[in-house]
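S.K.: Use these hints to put chain B onto chain A, whose structure you have.
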Amino acid sequence: MTNTIRIERAILNITQSELAEKIGVSRQTIHAIESNKYVPSTILALKMARLFNKPVESVFTLEESD
Amino acid sequence: MKNKILLPHHWQLIGFMIFLVGFLGGLSIMIFNWEWEPLRVTLPQWLPGIGPGLFNSATNNLTDEISLSMTLLGLCLICFSAEQEEDEFIRHNRLESLQWALLINFVVLFVATWVVYNDGYWYVIITAMVTMPMIFLIRFRWMLYRNNLQKDLP
Numbered sequence: 003m004t005n006t007i008r009i010e011r012a013i014l015n016i017t018q019s020e021l022a023e024k025i026g027v028s029r030q031t032i033h034a035i036e037s038n039k040y041v042p043s044t045i046l047a048l049k050m051a052r053l054f055n056k057p058v059e060s061v062f063t064l065e066e067s068d
Numbered sequence: 004m005k006n007k008i009l010l011p012h013h014w015q016l017i018g019f020m021i022f023l024v025g026f027l028g029g030l031s032i033m034i035f036n037w038e039w040e041p042l043r044v045t046l047p048q049w050l051p052g053i054g055p056g057l058f059n060s061a062t063n064n065l066t067d068e069i070s071l072s073m074t075l076l077g078l079c080l081i082c083f084s085a086e087q088e089e090d091e092f093i094r095h096n097r098l099e100s101l102q103w104a105l106l107i108n109f110v111v112l113f114v115a116t117w118v119v120y121n122d123g124y125w126y127v128i129i130t131a132m133v134t135m136p137m138i139f140l141i142r143f144r145w146m147l148y149r150n151n152l153q154k155d156l157p
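Line order of the protein sequences matches chains A and B. To convert, take the position in the first sequence, counting from 1, and add 2; that gives the numbering used here. To convert, take the position in the second sequence, counting from 1, and add 3; that gives the numbering used here.
Chain A extracted, bound-state conformation (with noise of 0.2 Å):
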């Protein structure tokens, strides 16, 4: 699965450990979830898309292999 949360985070000009505070967890999980190391719980993912105002579907994507 990948994910465009870099970039959601470039938009709205935070950084990882700001996002992190938004959404209630620490910054080392925001940045095993960028470089792809672990797949977020569906609650960590709706959050995230209800921060960065967009469709879950938009900010992560299935992948072949998936």
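Derived by calculation from the structure, the hints in this document are not laboratory data. The C-beta atom is built at its ideal place from N, Cα and C for all residues, glycine as well. Any given hint could turn out to be false.
[What the hints assert, rightly or not] Distance condition first, Cα-Cα at most 27 Å in a straight line; then the derived BS3-like pairs of lysine-lysine:
1. A:24 - B:7
2. A:39 - B:154
3. A:24 - B:154
4. A:49 - B:154
5. A:49 - A:39
6. A:56 - A:39
7. A:49 - B:7
8. A:24 - A:39
9. A:56 - B:7
10. A:56 - A:24
[What the hints assert, rightly or not] Here are the in silico distance ranges between beta carbons for each label pair:
11. B:13 - A:3: 34 to 40 Å
12. A:41 - B:156: 56 to 62 Å
13. A:43 - B:109: 26 to 32 Å
14. A:19 - B:40: 54 to 60 Å
M.R.: Relative to the frame of chain A, chain B by itself:
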């Protein structure tokens, strides 16, 4: 989503202090054969093996019992206390580290069964009791440390 079986973060320090006392006691028993004399008592004993009846009494020095209990209790408290900023990624690392620890412990026990015999095997079993939580903690803390090294990206 809260993990209900985790204790508050400060139990980590309390657990570590209990572990340290127990572990140092255990080490001095294993290396120097040290036992604290006032702890020699006669207590009821379960499953004595040889002798009449299921229950018996035995005279025993409790230094090793107390050391091992403190080591296990301390490790248990450290393993089951939450991180300061506990979230789902940390929980994910926690579970993965547990799997690794269980797997490594199985491999070590399997190998030890075929290469260690007689009295030595007793030491393997005693050690295996504390190495599983220890391997878990080392792997878990290492993952947290490594993730912490990443810089905050703009």
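S.K.: All hints, please: hold or fail.
M.R.: We went through each hint and held it up to the structure:
1. A:24 - B:7: With a Cα-Cα distance of about 24 Å, the restraint between residue 24 of chain A and residue 7 of chain B holds, given a limit of 27 Å.
2. A:39 - B:154: 16 Å, holds
3. A:24 - B:154: With a Cα-Cα distance of about 18 Å, the restraint between residue 24 of chain A and residue 154 of chain B holds, given a limit of 27 Å.
4. A:49 - B:154: Since the Cα atoms of residue 49 of chain A and residue 154 of chain B sit roughly 23 Å apart, the hinted pair holds (cutoff 27 Å).
5. A:49 - A:39: 19 Å, holds
6. A:56 - A:39: Holds, at about 23 Å.
7. A:49 - B:7: 22 Å, holds
8. A:24 - A:39: Given pair residue 24 of chain A, residue 39 of chain A holds - Cα atoms ~21 Å apart, limit 27 Å.
9. A:56 - B:7: Violated. Residue 56 of chain A to residue 7 of chain B sits at ~32 Å, over the 27 Å cutoff.
10. A:56 - A:24: 16 Å, holds
11. B:13 - A:3: 34 to 40 Å: With a Cβ separation near 37 Å, residue 13 of chain B and residue 3 of chain A satisfy 34 to 40 Å, so the hint holds.
12. A:41 - B:156: 56 to 62 Å: Between residue 41 of chain A and residue 156 of chain B, where Cβ atoms are some 19 Å apart, the hint is violated.
13. A:43 - B:109: 26 to 32 Å: 29 Å, holds
14. A:19 - B:40: 54 to 60 Å: 56 Å, holds
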